[in-house]
Structure formats: structure tokens, C-alpha cells
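S.K.: One-letter residues, chain by chain:
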Amino acid sequence: MNARDDLPYPGPPGDGPLRLAFVGRSTVFAPAALERHDGAVRTLFVDHRRGGDPGDTRAALDAFAPHAVVVFRPGAVAPGTFAGLRAPVLGVVTQPADVPAHDDADRLVALTPCRLPGAWRSMPTPVADRFFRPVRRVRGVPRMLFLGPPTAHRERYLLDVKHRFDCLHAVFGLDADELERVLDAHHIAFNLDGEPGVEDRVPLHLAAGQLLITEPLAPGYGLESGLDHLEVSYPEELLHAATTARTYPDAYHRMRVRGRQKAERLRASRVWPALVRDLLLDLRAFGTHRSAAA
Amino acid sequence: MTAPGALTGRAPYSVPPTGTPVRVAFVGQRTYFEACSVHRELPGLVPTFIDFRGGANVGEMLATLTSFAPHVVVVFRPEILPAGIFADLDAAVVGFTTEPLPRAGEPAHPLLVSNLAELDAADAGNFDRVICFDPYGWDAAAERLPAWRCMPLPVDDRLFAPVRPARQPPRALFIGFPTEHRQRYLGPVQEEFDIVHYAHGLLGEDLRAAMAGADIGINLHGARWPLSFENRVLLHLAAGHLLISEPLSPSFGLEPGLDFLEVADADDFSLRVHEAHAEPEAHHQVRVRGRHKAEQFRASSVWPRVVRDLLEDLAAFGTAR
Chain L
1 MNARDDLPYP GPPGDGPLRL AFVGRSTVFA PAALERHDGA VRTLFVDHRR
51 GGDPGDTRAA LDAFAPHAVV VFRPGAVAPG TFAGLRAPVL GVVTQPADVP
101 AHDDADRLVA LTPCRLPGAW RSMPTPVADR FFRPVRRVRG VPRMLFLGPP
151 TAHRERYLLD VKHRFDCLHA VFGLDADELE RVLDAHHIAF NLDGEPGVED
201 RVPLHLAAGQ LLITEPLAPG YGLESGLDHL EVSYPEELLH AATTARTYPD
251 AYHRMRVRGR QKAERLRASR VWPALVRDLL LDLRAFGTHR SAAA
Chain A
1001 MTAPGALTGR APYSVPPTGT PVRVAFVGQR TYFEACSVHR ELPGLVPTFI
1051 DFRGGANVGE MLATLTSFAP HVVVVFRPEI LPAGIFADLD AAVVGFTTEP
1101 LPRAGEPAHP LLVSNLAELD AADAGNFDRV ICFDPYGWDA AAERLPAWRC
1151 MPLPVDDRLF APVRPARQPP RALFIGFPTE HRQRYLGPVQ EEFDIVHYAH
1201 GLLGEDLRAA MAGADIGINL HGARWPLSFE NRVLLHLAAG HLLISEPLSP
1251 SFGLEPGLDF LEVADADDFS LRVHEAHAEP EAHHQVRVRG RHKAEQFRAS
1301 SVWPRVVRDL LEDLAAFGTA R
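Chains L and A, in that order, are what the protein sequence lines are.
Under this note's numbering, the very last position in the first sequence is 294; numbers go up by exactly one each time.
Under this note's numbering, the very last position in the second sequence is 1321; numbers go up by exactly one each time.
Keep in mind the hints are simulated off the structure, nothing from the lab.
Be a bit skeptical, because a hint or two may be false.
Heads up, simulated SDA-like pairs for lysine to any residue below, C-alpha to C-alpha not over 20 Å straight-line [stated by the list, open to error]:
#1 L:K162 <-> A:E1205
#2 L:K162 <-> A:R1030
#3 L:K162 <-> A:K1293
#4 L:K162 <-> A:L1203
#5 L:K162 <-> A:E1118
#6 A:K1293 <-> A:R1305
#7 L:K162 <-> A:G1204
#8 L:K262 <-> L:P134
#9 L:K162 <-> A:Q1029
#10 L:K162 <-> A:R1305
Beta-carbon label-pair distances, calculated as ranges [stated by the list, open to error]:
#11 A:H1181 <-> L:P216: 32 to 38 Å
#12 A:G1059 <-> L:E237: 36 to 42 Å
#13 L:P216 <-> A:T1066: 45 to 51 Å
Glycine included, C-beta positions come from ideal geometry on N, C-alpha and C.
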């Protein structure tokens, strides 16, 4: 691309708020989005799931008149939904199948663990501000949590922990209120994938002030094993770590504090405005292929 | 409730003096069975729940039990107790088998055979009587243990709630481990609707909150066959949910179409979920009927009567323990 010096879409007014719309399945992506309504930024989350009515989604966007649109899993939105929309569209891709039609996004962001050739940038999943908590001392017996669908790999790790300690395993469908309640009620969380990547639950648990016990993270995004989280490499190690953390919860208090500090870098109110600002600068400098652009 | 053993003088264990309450200890894995027990004192009955699971520290469990000095002990899943563990316990012990067993005269399903193999680990000498959850597995249980009666697992009073108007859109809940069969039903529907799904460990306040946050309860067997009557059936009815379930066997008096919606296959399930979302109030009366039926299984109603009958039965017929 050649450098240019004009924004291909109407930009936010100098004295008014940036209107930022998020589109995606709310139960999955609202925990990663920004919710803010002040003089600087106003946000809207449009719930859209695979097979949903693109007309409804487009109508909601048109009524909001956003200055930028962030679309989670853009491949789940019908092609052409954003045709003629005079706002930059940032597609957030979590798996290769989510890649949208060429004209449906100006730029693509790959959320790890997805590796997407040609992506504008790659980053871990941000965490909505509402899920950040101070690290509190554990009163009583610590409680354990795993978020995500079971797989053979995960169950191989979790089986003994579930049998011994009543680990809550939530598979799907929690809305933001339920997720907050569940996070508040648990102190130890697991991350198990069996493959490289940093799933969205990693920053979520750190932000909630929980002790994170995880398989090795790759990339680590600056997280340090043994300092801000506990790393385990096989099921017996996970059982041992869980047992120790349950027996001596205060032993890992500082690790939780460190993890909580690291999570600040992924706070939605910090990440999204900066990312959108950079998107607008990037579009101003390098333009876009979308036909909706000026 | 007064202990009736004193009426005959032939009670094999200590019974409380007339007019004093019976102390009942419920023993089992809290994850599954706390929701089936009595949680508060009732007239004539003082309960406690002791969390104990296979392989756990037996000494701790016995110490807790001894300090409580129960007159009656209810053990969920008799096979979790080591042999001879209650040899010196001066209390009536009733086991509760909670898994379906092979049915007489029917082909044996591997799952049922596996359940039976686990039950083989139970020591009959630990129990005065055993309640079988599954009447169709009576023969299999009675060959191994002093089978006494059949009934579904009761429901903790705290999980009962009035039938409320459904949310718009309604919230559906499934509690259970995902299996290939279950995902065949749930997977396509989850694309469209936010069905809350917990696989394990939902208990206590978390369970109550999850139940209060739902309007629709889903019951799917682990596989297409064998059919069963999972304890989540009554949990959902007690919570005032619209229950959408595969066929139940045994039915324990529940009537499809009246107390719950029965679905024959994944398409039928999808249709019912769509209907319930399109017209959340269409099945309000089914929910009321289901909630009404659940009253039969309220823990505070069931357990005092079972305990009273147990003590009378032991006084009348003694025990082989």
C-alpha cells in the first residue's frame, strides 16, 4: 500500500465521542468487549450469531452510526452485511474459518491461538472491565473452576481434581452476570488446551484475581510461569498443584497479585480505544480495499 | 417424629427416647447428593451431611459420624464404603443405589454392566437396608445387597421455587457431562440459543443460582439407550422449569405432555426448544403440573417418612447386619 493522508471514512468529531460498535455472539465475546458511555467513547454491542438475521444487525449499526465496528468471528456474519457501511470494520478472527469475505473488513486481527497469515496484528483477548477484581485473601476452602467444553485431553487432566475437589466445570452459555458470579465464587482456575495458544480464559482468570494453573502458554505474552501463574505439564502435576493450592491458599497470594497486575495490560478500556485509534491512523496512512470507503 | 423402636422393644440399634429427634447422617459425594438430602432441622429429625467419596479419608468420615452420633445413616452409593467399616456403628444404615443396573430379561448394556461391577464392591454387611433408585435393576441389586424399596432421589427443599413467568427470551439449562449423544441434541440448538451448560461440580449456592436463572430444564440421557430417570429431572421440576426430556424409564408417575415435554429425537428436541423460545408462556401449565408433581419428592416430606419406616421395619423384622 502507498501512504496517504486522508481517512477513507467519516472520522469521529474532534469534540464528540467515538462511537464504537461490537458485533458478535454476546455470550462468547461480550466478556472481551468494551462497554463505555461517556464523552469520549460510546459503545454498542450487537448480538449476532451464525445464521442470525443480517438485516437486524445492519439496522442496529445504521441506527448507531458508528465510527468503527469491531466484528468478532466475521465469518459468522453473512457476506455483504457491511456493504456500504461508512465506517471501518475490524474483523477479529479466532479460527481460520472465521475469515470474512474480502470486502467485509478493512483489517483483520487474529486472537490467539489463531495464526492468520496477512492479519493486521495478533494479540490475546482483552477483558471487559467489569471482570476485573482486586485480589482477595481466600476465606475457607478455595474453590476451583474450569471454563470450556470438555475434550479427552482436558478430562485426562481434570478427572482426579473433579473427583476430589468438586471443581465446577461450566461448558457454555453463561451470560456476563452469571460469569461474574461464577468468577467471584472461585479462587483457582485451570487452563487446558493441549496445544499452543493463549485462550481467552487465561487473561479472564488473571483479571478476576484467581490463581491460574495452566499448561505451558505459547506465546506467553509476557506472562511468566512460576511468577504470575502456575504451569503444569501433565495430569499428576495438575493434581499436585491443585492440592497444594487448596491446602495452602495463601501460599500463592503474591502470584495472584502478579497475575492480576499483568492482566491490566489487557483491560478492554485500555486496549480497544488504543487499537481503534491505531486502526484509524493506519487507514489514514495506508487506505483500504473496501468498496464502502470514500 | 418419635422413634418407634421403643414400641416393640426389639430395635437392633439405639433409638432416641420418645419425643426426641432422630439424628440422621447423610453420607456421600456432596457434588451429587447434597441436593437430595435434608439440610435443616425438621420436627423430629436432625440432619447432617458428611461429604465422603470413594478413596477419601475414612477416618475423618468416621470421626465426624461418631461425633454426630447418628441414629440413622443414609449412604449414597453403597459401593463407596470400604468393607466392614460400619461393623461397630450403633446406628441403622440404609444404602441408596443411584445408578441404573442391568434389567432382568433384557440385553445388558455395557454402561449398566459397568455400574453393576462397581456395585459389586459394596459390602452387604455395611447395610441394614438398601433403597434402589431403579426398580428395573431390583433383581441385580437384591442379589448383592439387602434391597428394601425403590424410589427416586428426593430434592432438597432449597431447590423448590414457585413457577414464575418465563423470561423473554427464556433461559435454558443443561446439567450433565457432554456425550456424543447429548451433543447431537444440544450442538445445533446451541448455535441459535444460549443454553447454559454445566458439566460438573454445580452444587450449593451455585446450583441454586443456576436453577433460579433458568426457565427451561433439559434432560438428555448419556446415550440413546439405556433410558433412565436422572436426578436432574426432579431438580428442574422442583425449580419450576419447563422440563424438556427424552423418554423416562421408570417414569415415577411423571406424565409426558402433562408434567414435561417429551422429545423423541434431536429434531423433536430442536422443535421444542424453538417453540419454547417463540412462545415462552405456552407451556406455563405444564410447568405448574411438573412443579406440583415434584412435591411428592420434597426431601423434608420424603426422608422423615423413610426414616420412620426404616426404624419400624428394623424393629419388626430385624437385620442381618
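S.K.: The structure should be examined with respect to each hint, and the outcome stated for every one.
M.R.: Hint-by-hint comparison with the structure:
1. L:K162 <-> A:E1205: 18 Å, holds
2. L:K162 <-> A:R1030: 12 Å, holds
3. L:K162 <-> A:K1293: Roughly 33 Å between the alpha carbons, so the hint for K162 (chain L) and K1293 (chain A) is violated.
4. L:K162 <-> A:L1203: 13 Å, holds
5. L:K162 <-> A:E1118: Status holds; Cα separation ~19 Å.
6. A:K1293 <-> A:R1305: 18 Å, holds
7. L:K162 <-> A:G1204: 16 Å, holds
8. L:K262 <-> L:P134: Between K262 (chain L) and P134 (chain L) the Cα gap is close to 13 Å, so the pair holds against 20 Å.
9. L:K162 <-> A:Q1029: 11 Å, holds
10. L:K162 <-> A:R1305: 34 Å, violated
11. A:H1181 <-> L:P216: 32 to 38 Å: 34 Å, holds
12. A:G1059 <-> L:E237: 36 to 42 Å: This hint is violated: roughly 28 Å between Cβ atoms.
13. L:P216 <-> A:T1066: 45 to 51 Å: 46 Å, holds
Of the hints listed earlier, those the structure fails to meet are numbers 3, 10 and 12, in rising order.
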